[in-house]
Amino acid sequence: MRDVLDLTPQDWTAIGLSVKVATIATLAALPLALLAAYALARWRFPGHGALNAVTHLPLVLPPVVTGFVLLLLFGRRGPLGAFFADYLGIVFAFRWTGAALAAAVMSFPLMIRPIRLSFESVDRRLPMAARSLGANPFWAFLVVELPLALPGVMVGVILGFAKALGEFGATITFVSNIPGETRTIPAAIYSLIQTSDGDAAAMRLAIISAAIAVIALTVSEMLQRRARYGT
Amino acid sequence: MIALDVTYARGAFSLVCAFESAARVLAAHGASGAGKSTLANLIAGLARPDSGKIILGGETIVDVSRGVFVPPEQRRVGFVFQDALLFPHLKVRANILFGRFFTPKAERRVAFEPVVETLGVSHLLDRWPATLSGGERQRVGLARALLASPRLLVMDEPMASLDRPRRHEIMTLIERMRDEFAIPIFLVSHASEEIERLADEALVFDQGRIIAQGAPSEALPGASRLIEGGRFAIVSGLAAKVAKIDERYGVTRLAHPAGEIIVAARLAEGPVRVSIRATDVALAKTRSTDTSVRTTLRGRLVKIDATDSPLAFATMELVGGERLIAAATRLAMDELGLKIGDEIFALVKSVALDEREI
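Heads up: the protein sequence lines correspond to chains A and B, in order.
Taking the working numbering, the leading residue of the first sequence gets 1, the next gets one more, and so forth.
Taking the working numbering, the leading residue of the second sequence gets 1, the next gets one more, and so forth.
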């Protein structure tokens, strides 16, 4: 048991990096996921089906293909990569930011689904009631629809975070496996398995990632339990 | 106050209507699917008409040809839903104050205390909506709409999902809202007794068209005749007073200028309103004592509406001036040989009077 908790500095680096990457990925993806989920749940517009398909694409594409597409688009010479580097000073290629981008893209479908379902389960007339009481559509969303959809949003965030924490295929394809920069827990486990005496170290990290996932799920359960409103 | 001329079509349903009204309480009556709820949504801005205009208190809130559509949050039209539709994640207090929060300070004419007191919700303020009964929920819904200081209250079947005692309680509250807060009300209801009691003007809808407009006592029976099966919906309301409770038989004797009305229940002291369905009234040319009917009301025949159908409707003016409508077959009317102006007696079966509605 002592061995299990006896983490090396490299392990701690991978854990810290994973938590940072997954947190940033989840926070960055959340507003977009809310918007897309709300649009899919409530609005009818041309391209509704296309948007639905695109958001689910990372779920069905081989991760290595998603990573490759990211490399083409967000690599240093990629059209979007060049734009972000030149105008916003954000470089993705072979940086932890790239790992966060890959994790965000891969976890997006998992985030959207429960959020969309919970928006769909909110009575459409409730925002109408709010508007008849003087709230504009934005306020009606903020104080009626969003709070009522919050349990689903929480589930989406936790699922997205867990997925981001475990993302491997697209990340390693897009930003490689650089210690301290893009070597997250899964990449570190992969590297350890490649060495002849790395099994014990790999097991330590595997247990750590399982523990983080369990904590995340517990927190989401607790958050959901608070939203019962007298029922 | 409100002037409207709109069309609206979705699928097989179409609504085409135009009217003007300055009533304190304007009611829309009709079967479900007749278009009255759609009209409520159009007025509140929860739906958009395909063409036409809506003018509320002199302000054009919808004019399709000029592209005017004032969004619901700027109309200041309070909406009361059939199922109250409270915000489930807010306690009663926050629900009630919701509209007030979004109302500009200068427009907050309705104060919290009187509303909470009038509607009897002060003991509910810290409860969750999910823990309220149907009647309590609807009272909170009324308070919520009222506290947004609306210039018009639209109520879409506010009593339809309540049981009779609760319905009466809410009717009383709506009367008090009408009288104490002086906000005009547009009431959608399929129940003619609600409209008889609350409204001073009624619109009757059938299949998306207005088929009658006027005082409820005129418009409702007039229109009900045109609707198949509508004879059961024709109700006359009479004001009476509890005169005596006959303990031996457990009945209440009501005093009315046209005659004594017997109700088969013990009622509380004071003035009451009796609803009598046209199908529960029989007509006689003489006062007869050899029937089981104990309630005989005297009056004059003022109108006979005979349709192409087998039915005829006789309107009586009772002693004291109130009107009572009786439904009979055209055959019976002809064989009795009644003429306008004749003295006539209405026989009302006591057991047909629903004491729960009194």
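To be clear, the hints were calculated from the coordinates, so they are not data collected in a lab.
In this text, a Cβ means the ideal position worked out from N, Cα and C, and glycines have one as well.
Be aware that a few hints might be false.
[Said to hold, decoys possible] Derived CB-CB ranges, DEER-like: (1) L32/A - D63/B: 47 to 55 Å; (2) R176/B - R124/A: 28 to 36 Å; (3) A12/B - R124/A: 17 to 25 Å; (4) R109/B - R124/A: 40 to 48 Å.
[Said to hold, decoys possible] Output of the computed footprint for chain B on chain A, the stretches with three or more beta carbons under 8 Å from beta carbons of chain B: (5) 30-42; (6) 126-135.
Against the structure, the hints:
1. L32/A - D63/B: 47 to 55 Å: Because 38 Å falls outside the window, the suggested range is violated.
2. R176/B - R124/A: 28 to 36 Å: 32 Å, holds
3. A12/B - R124/A: 17 to 25 Å: 22 Å, holds
4. R109/B - R124/A: 40 to 48 Å: For R109/B and R124/A the Cβ distance comes to about 30 Å; the hint is violated.
5. 30-42: violated (count 0)
6. 126-135: With 9 residues closer than 8 Å to chain B, the region 126-135 of chain A meets the three-residue bar; holds.
In the structure shown, a violation is registered for the earlier hints numbered 1, 4 and 5, in ascending order.
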